[in-house]
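Enquirer: One letter stands for each residue in the lines below.
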Amino acid sequence: SQQGEEDPQALSIQEGENATMNCSYKTSINNLQWYRQNSGRGLVHLILIRSNEREKHSGRLRVTLDTSKKSSSLLITASRAADTASYFCATDEDDYKLSFGAGTTVTVRA
Amino acid sequence: DAGITQSPRHKVTETGTPVTLRCHQTENHRYMYWYRQDPGHGLRLIHYSYGVKDTDKGEVSDGYSVSRSKTEDFLLTLESATSSQTSVYFCAISEEPGGEKLFFGSGTQLSVL
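Sequences listed follow chains W and A, in order. Under this note's numbering, the first residue of the first sequence is numbered 52, with each subsequent residue one higher. Under this note's numbering, the first residue of the second sequence is numbered 15, with each subsequent residue one higher.
Check before you lean on any hint, since a few could be wrong.
[Claimed, not checked] Simulated coverage check for chain A against chain W, where a stretch passes if three residues somewhere in it have a Cβ under 8 Å from a Cβ of chain W:
1. 28-34
2. 52-66
3. 101-113
[Claimed, not checked] Here are the computed lysine-lysine pairs in the DSS-like style, where the Cα-Cα straight-line distance is at most 25 Å:
4. W:LYS121 / W:LYS77
5. W:LYS148 / W:LYS77
6. W:LYS121 / W:LYS148
7. W:LYS120 / W:LYS148
8. W:LYS107 / A:LYS115
9. A:LYS115 / A:LYS71
10. W:LYS120 / A:LYS115
11. A:LYS67 / W:LYS148
12. W:LYS120 / W:LYS77
13. W:LYS107 / W:LYS148
14. A:LYS67 / W:LYS120
15. W:LYS121 / W:LYS107
16. W:LYS107 / W:LYS77
17. W:LYS120 / W:LYS107
18. A:LYS115 / A:LYS84
19. W:LYS148 / A:LYS71
20. A:LYS71 / A:LYS84
21. W:LYS121 / A:LYS115
22. A:LYS25 / A:LYS71
23. A:LYS115 / W:LYS148
24. A:LYS115 / W:LYS77
25. A:LYS67 / A:LYS115
26. A:LYS84 / A:LYS67
27. A:LYS67 / W:LYS77
[Unchecked claim] Residues from chain W that keep clear of chain A, each with C-beta distances beyond 12 Å, as calculated:
28. GLN60
29. LEU62
30. ASN69
31. ALA70
32. ARG113
33. SER119
34. LYS120
35. SER122
36. THR128
37. THR142
38. ASP143
Simulated from the structure, these hints should not be mistaken for laboratory data. Don't be surprised by glycine CBs; every beta carbon is placed ideally from N, CA and C.
Using the sequences and the hints, build the whole thing.
Expert: Here is the structure:
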């Protein structure tokens with residue numbers, strides 16, 4: 052079953068704007084991760100946030116986690132054409148399994 | 015792609031034939047996973063391995079089997095391929111349990127006609 056669900060399904064923004072996408076999940080987690088997938092490629096790990104963390108930064112990425120609402124957000128600041136990709140959240144269901152959402156497709160227009 | 019090679023990259027086969035996909039890693043990571051990716055479903059876990067000869071089922075394991083006889087190789091077999099198994103298959107590896115920081119291969123596009 053799909054643990055995480057991203058919102059919106061698709062997002063189109065102008066280069067230089069910020070992009071925000073959200074992830075909601077159903078059960079308690081140890082950590083939540085965000086991955087990026089460029090067209091025709093495998094997923095690339097972006098950032099991991101643990102359940103006892105509320106916010107984390109990595110370059111132009113900012114991730115928040117609200118365990119009380121079972122939700123996370125990924126913010127990409129000052130977007131570039133190279134940020135055009137699909138973004139997935141993933142949560143740990145148990146010791147070995149990671150559950151992915153269906154993804155948010157981001158298009159950055161020049 | 016972090017020392018992960020999937021083969022073949024593309025395959026077209028007929029319904030009822032057996033198919034084996036191979037994942038080879040050079041990272042010596044303990045954990046290996048097979049996912050399939052379909053539009054609207056994201057990635058769904060088929061099988062995973064937590065060590066040599068140690069494997070377990072994921073959420074969509076019916077019709078699939080796996081084997082891991084060496085640390086570096088994780089094979090996914092479709093015993094008798096069906097059209098519903100047309101998908102993109104991804105192998106992933108991780109050093110940590112719980113799927114922390116997965117590294118993905120480039121995928122295998124499988125078409126079952």
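Enquirer: Is the hinted pair A:LYS115 and W:LYS77 satisfied, with a Cα-Cα distance of at most 25 Å?
Expert: Measuring from Cα to Cα gives roughly 21 Å; hence the hint holds.
Enquirer: Under 8 Å between beta-carbons, do enough residues of the stretch 101-113 of chain A, three at least, approach chain W for the coverage claim to hold?
Expert: Contact hint for the stretch 101-113 of chain A vs chain W: holds, 5 residues under 8 Å.
Enquirer: Given the hint that W:LYS120 pairs with W:LYS148, test it: the Cα-Cα distance must not exceed 25 Å.
Expert: holds, 22 Å
Enquirer: Any Cβ of chain A at or closer than 12 Å to W:SER119, or is the non-interface label fine?
Expert: The claim holds: W:SER119 sits with its nearest Cβ about 22 Å from chain A, beyond 12 Å.
Enquirer: Given the hinted pair A:LYS115 and A:LYS71, is their alpha-carbon gap at most 25 Å?
Expert: holds, 20 Å
Enquirer: Can we trust that W:LEU62 is non-interface, i.e. its beta-carbon lies farther than 12 Å from all of chain A?
Expert: The assertion about W:LEU62 holds, with a minimum of 16 Å to chain A.
Enquirer: May I ask you to check that W:ASP143 keeps its beta-carbon over 12 Å from the closest beta-carbon of chain A?
Expert: violated, 4 Å
Enquirer: Holds or violated: W:LYS148 with A:LYS71, Cα cutoff 25 Å?
Expert: With a Cα-Cα distance of about 10 Å, the restraint between W:LYS148 and A:LYS71 holds, given a limit of 25 Å.
Enquirer: For the pair supplied as a hint, A:LYS67 and W:LYS77, is the alpha-carbon distance within the 25 Å limit?
Expert: Given that 25 Å is the threshold and the Cα spacing comes to 32 Å, the pair is violated.
Enquirer: Over 12 Å to the closest beta carbon of chain A is the bar; see if W:SER122 clears it.
Expert: It holds; W:SER122 is separated from chain A by about 17 Å at its closest Cβ, greater than 12 Å.
Enquirer: Within 25 Å, alpha carbon to alpha carbon, are W:LYS107 and W:LYS148?
Expert: With a Cα-Cα distance of about 23 Å, the restraint between W:LYS107 and W:LYS148 holds, given a limit of 25 Å.
Enquirer: Report holds or violated for chain W covering the stretch 52-66 of chain A, Cβ cut-off 8 Å, minimum 3 residues.
Expert: holds (count 8)
Violated hints for the displayed structure, listed by number in ascending order: 1, 14, 27, 28, 37, 38.
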